[in-house]
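What follows is each chain in one-letter form.
2 protein chains.
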Amino acid sequence: GSELLEQERSKSKINVDTLSAFLHSREGLARKRRVLKILENDKVFNKEQNYFAGRIDRFETALARAKKLRQLVIRHGWDNDDRMVANELISEPGPYGLHESMFLITLRDQGSPEQHERFLKQAEKYKYIGCYAQTELGHGSNVRGLETTATWNTEDQTFTIDSPTLTASKWWIGSLGRTANHAVVMAQLIINGKSHGPHPFVVQIRDMSTHEPLKDIHIGDIGPKFGYNTMDNGFLLFNKVKVPHISMLARHSRVDPKTNKYVKPSSPSLVFGTLTWVRSTIVMQAGGVLARGVTIATRYCAFQDRDAPSDAGGENQVLNYTTVQIRLLPLLATTFALHFTGKAMMALYGASQKKMSQDVGKVGGPERGAGPEETHSGSDLLADLHATSCGLKSLASYTAVEGLEVCRRACGGHGYSSFSGIGSWYADYLPTATWEGDNYMLTQQVARYLLKSARSVLKGNEPSNDTTAILANFLARQDQGAAFDVLGNDADIVAAYAWRSAFLTFEALKHRDEQKKAWNDLLVDFYRLSRAHSQYMVVKNFYETLQSPPSDLDPETLGVLHKLFRLYALHTLESEASEFYTSSAVTVRQIQLARTSAVMKLLQDIRPHAVRLVDSWDFPDWQLDSSLGRYDGKVYEDMFHRASELNPLNRITVDPYPDSPTLFKKNEAGALKPKL
Amino acid sequence: GSELLEQERSKSKINVDTLSAFLHSREGLARKRRVLKILENDKVFNKEQNYFAGRIDRFETALARAKKLRQLVIRHGWDNDDRMVANELISEPGPYGLHESMFLITLRDQGSPEQHERFLKQAEKYKYIGCYAQTELGHGSNVRGLETTATWNTEDQTFTIDSPTLTASKWWIGSLGRTANHAVVMAQLIINGKSHGPHPFVVQIRDMSTHEPLKDIHIGDIGPKFGYNTMDNGFLLFNKVKVPHISMLARHSRVDPKTNKYVKPSSPSLVFGTLTWVRSTIVMQAGGVLARGVTIATRYCAFQDRDAPSDAGGENQVLNYTTVQIRLLPLLATTFALHFTGKAMMALYGASQKKMSQDVGKVGGPERGAGPEETHSGSDLLADLHATSCGLKSLASYTAVEGLEVCRRACGGHGYSSFSGIGSWYADYLPTATWEGDNYMLTQQVARYLLKSARSVLKGNEPSNDTTAILANFLARQDQGAAFDVLGNDADIVAAYAWRSAFLTFEALKHRDEQKKAWNDLLVDFYRLSRAHSQYMVVKNFYETLQSPPSDLDPETLGVLHKLFRLYALHTLESEASEFYTSSAVTVRQIQLARTSAVMKLLQDIRPHAVRLVDSWDFPDWQLDSSLGRYDGKVYEDMFHRASELNPLNRITVDPYPDSPTLFKKNEAGALKPKL
Ligand SMILES: Cc1cc2nc3c(=O)[nH]c(=O)nc-3n(C[C@H](O)[C@H](O)[C@H](O)COP(=O)(O)OP(=O)(O)OC[C@H]3O[C@@H](n4cnc5c(N)ncnc54)[C@H](O)[C@@H]3O)c2cc1C
Ligand SMILES: Cc1cc2nc3c(=O)[nH]c(=O)nc-3n(C[C@H](O)[C@H](O)[C@H](O)COP(=O)(O)OP(=O)(O)OC[C@H]3O[C@@H](n4cnc5c(N)ncnc54)[C@H](O)[C@@H]3O)c2cc1C
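Chains as they are written, first to last, in our numbering: chain E, 24 to 699; chain Y, 24 to 699.
Note that these hints are calculated values from the structure, not bench results. The reader is advised that the hints may include incorrect statements.
Dumping the calculated SDA-like pairs for lysine to any residue here, alpha-carbon to alpha-carbon at most 20 Å [stated by the list, open to error]:
| id | chain 1 | residue 1 | chain 2 | residue 2 |
| --- | --- | --- | --- | --- |
| 1 | Y | Lys698 | E | Pro681 |
| 2 | Y | Lys698 | Y | Asn64 |
| 3 | Y | Lys533 | E | Ser620 |
| 4 | Y | Lys66 | E | Pro684 |
Over the 12 Å line for every Cβ pair with chain Y, so calculated as not near, a few chain E residues [to be verified]:
| id | residue |
| --- | --- |
| 5 | Trp195 |
| 6 | Asn215 |
| 7 | Val266 |
| 8 | Ser447 |
One side of the interface only, derived from the structure: several residues of chain Y facing chain E at Cβ under 8 Å [what the hints assert, rightly or not]:
| id | residue |
| --- | --- |
| 9 | Pro136 |
| 10 | Leu189 |
| 11 | Trp195 |
| 12 | Gly200 |
| 13 | Ile240 |
| 14 | Ile245 |
| 15 | Lys248 |
| 16 | Phe442 |
| 17 | Gly446 |
| 18 | Ala531 |
| 19 | Asn543 |
| 20 | Asp544 |
| 21 | Leu546 |
| 22 | Arg665 |
Here a beta-carbon is modelled for each residue, glycine too, at the ideal position from N, C-alpha and C.
Given the sequences, and given the hints that come with them, work out the whole structure.
In structure tokens form, the structure reads like this:
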């Protein structure tokens, strides 16, 4: 029980405070405490019925919370970071979600000054509440295939927005189903019978006072989902709806109402920038997303007391089973690996934004969506940033998704209870693998970039960045072969990952350029290549972070972080063993040793620090909302309380006999519904 | 859209009818049709609101269905198989679930004739409605740690059932929360201060007429779960409750009321047999469980029309992307592999039951729960059966669990909609990985058995079954090394799997017997070993099934099944590549070829048959309840219908503005609630 958790904490010297500050910054920690205090004390944010309520009640509560949060922002003068922290603490998607993200961002980034005045101002005041309507029932990843049209009417200088078919219906659109009164609609711009591809239009969709859909507009919620049920993802059909000229967001491209001509985008790379930013954010968050599951499972498995198996030397916690350690501790290492990678990704993004704003006007950007293979040669930095964000988004979100399920299952039966807090978190996070570029599709962008870089290196061009440097290094040393001391030397681990990535790149290049294989026949190789390259980046970022740690990190803590680095790197290496051999980066013997001794030894070394390491992620109990993951280890008391006191089903008495038509003899479940 | 599915079906010559009959038997197919007709026409079984309803409504509906099903059984004189088929078609756990399985089985298998008269008869008439209460809040896998006590009272010849602590509360018990009026309770039998370990007691827990809990008994539902929410898993606490002598199920062991002595079980191997049977059933079902997801994803990905990517030669279905094929087609192969393995497992079970009943009284059985390492030498067959069922249960259920999520994700955004039908199926199936032996724990049993077999072989004993035969073969040929032609010869594939399993067994034996490593330090190796050995069994069973196919299977269909065998075997081989090299079962070159050419070629060959292959699994649309998996491909119409017509959230109008305290301006959601 509880006392075991306390013992755990007393056995390790990890400095939770400095490590937390290293992860989140002192300012971040203080912000969280400040916001938490306000939320915790507001009954609208009381989470007690979250796991019990059905969809409609949950949606109603989420709407109440969204409104309240907006009021708090005004009352306390919260900035954007405060609001984001509040959302993280509340931990459920809400009906203003897309308004506060994509709707506002798109208006800001793609609207002209006049449109800012007309739309953005109203949106910032929550008079216009909006959503971002791109995906259609029949068209997701393939944006060019969108069917919704916006046809320019020369006679009255308006656009007609239309959904010609059922498959043209907008679908999945967050905040649209019940909440939004405006939408940014992506539609094929048609002028004089000619299509110019998808463009964004701001369209009013519901009446500002009755909130009923406007004439010739059909809207609704798309129904329940695996998760995300506090959000009203919606559908939207237009039956030839006219909107004025100002509706088309005109910062980048526009229709000249005098000439009826299409005016091309001057700087599409900025559009491109938004997508990269969104993906970078996903990378940044993935470590923390996974850390919630790891925190819960680690605490629970350290807390759970067991009869000592005869052979285990009198130990008595589930976390002492090596089959539990091998599932949880590498994931614990992964949370740090992803977090440091996320920070590096954001830094790269920042640097490139700075560079770009210096270069503005100098070089043309790439065409949207075409991917870097077709970009101008001057935009190297952007191409690198783009590929990095694609590869890491795919790897990081899958790693978090899969890791969360591993954590849940490691908790045995209780992991299956909603009170574990992992299941709903997993379910809500899942779409991250699909949106902002499906995780499989994105890997093609990475491969395209690596192939292009390899071609450049083969031509003898000087390496201009890390990617071309590792490719050139591989080419130069390929014949000598590699002899990396992955078990003894950390820099060699990074080098072995680089070697494997370069090996796979040139393999793919051979298939593509020499053997002329079809692109589609190479997708599986590309997926592997992207994964390998992204793992290289993660290992490298983790390694580099530990090369220059903050000065206040004590040697003990740093030593454990160092072991986490090795655990992440060696465990991943042995899981992907065959690519490492095939590339001759390591020998069979090294893999065997990594598996049977190095990794097992690291598990043993890290084991005593596990609880303090998860403590340093600093999740308040209120945020986790988990019986299993409670800081104080009052697991069973909490489960019992929730089951017996908070559970509406226990307010019902059934008639169990097959012959009786009565189902419920008594039903007082409604008594537990929260007053909002 | 739809027409693409028709084209798919016309392009392949797979004989769906004979293949279905091969999988399910003609009789099984006819049974399904007959039962389906009755269920489909009964409004209680109407599934329209399943995905929308909250927990309490779902539970109410599930109770109504359970009652109705019981009435149908009587009205139509359905046998047990009919009832099971009905449950499969309804596809949701129901409140009679544990009554109809573990409660009845335990009464039957462990009750004396007198107890059959007293309890079983009432249970069969659904007067007693029961559950099986073993697991406790603090004790699951570790049955010996149960805290509930049943103390024998010499003075009045009763037992006192007691829960001394909170952690002793029964927990997770299916059908207990609201439904059952009786329970089989596993409790530590204490006579004269001495504990004799856990034994089963039949205890009345609720009043037969008011259905309220009896005095000193605290019961309730444990709350919502990741899935299984139509079931009332419950908790149960006893405050010193007296029950009569007849309550202790006395077929195997009992308390002699005259002498107050404990009488030991005469034949515990029968108890053991029930567990093996339950696990075998899980193995038998795993193929079909996975096949539902594969059917839905395959149809949807074949249906989904896309703009042709420039490089793909004008093809236009999502299923043509090789990154989609590599996810779905090996899983399609896996459904068959698991199904044939399940059949073989059931055959093995049947054979051993027959053998045992012949041997009754000749040899003593193993002690329950101790595992085969400690069994009598005469019980080889049982030990083999036990290990096989443990290993395959673990592998098969994990394979199905993980495969279902792969299928769901392969469908992109729409896979996340409840209407995909995969998410809820996955969520409901998940506990199979945890119950009847946690999938990680079970692998220790397999390793124990393999180590024991290896020791016997090392001693020079003649091989007595397949396991010892492959171990002996490895020992004999170990020095020569292996040279399996896995790419050219199917028997060699099976041999390579056997080789790897034997190699890992002797490796583990070395660690254990020579290096004297602690059991706990070897658990990870044991897990891998069990997985390897179980994969060998799956490959072997698939292979052997195709060696003697039914005579009416046409060569075209058989040819495709043969390719599925190779796809399963080679894809698994390359996923587990490193163990295959390390054991020298294959070379690096072979793996590379398997990966880059053999598997890719098989994907291409199987691709045209994918839709007909899933058709042959013969899931009625009514069973799948999936928009994406519809036989007729009316995917979008169905999604639209459900979202706009059946969705209660669309009967609500919100007030979206943050300043307004009104949340719902109009709420007519209740109108859609089904009349039961
Ligand atoms: C919860 C949720 C919220 C959402 N919110 C919004 C929103 O607010 N606004 C909005 O506009 N959209 C939204 N979306 C939609 C989301 O952006 C799309 O789901 C996403 O773009 C993927 O498209 P898709 O669903 O059509 O998948 P598909 O593109 O149909 O993918 C299906 C399968 O095909 C594969 N595939 C597809 N194309 C290729 C290719 N070229 N090469 C190889 N493989 C391929 C994929 O890997 C996948 O396995 C949301 C989705 C979800 C799940
Ligand atoms: C939906 C559902 C329905 C259920 N219905 C019933 C029912 O009707 N009646 C009933 O009696 N029970 C029921 N159960 C309980 C079920 O049988 C237990 O959950 C199961 O036995 C696992 O025990 P646990 O939950 O305590 O897991 P634990 O044993 O606590 O496992 C936790 C973790 O520890 C690991 N672990 C545990 N022991 C060992 C070991 N010795 N070596 C290595 N690793 C180990 C496991 O791998 C797992 O990762 C149900 C459970 C669920 C989820």
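If any of the earlier hints don't hold here, list their numbers in rising order.
5, 8, 9, 13, 18
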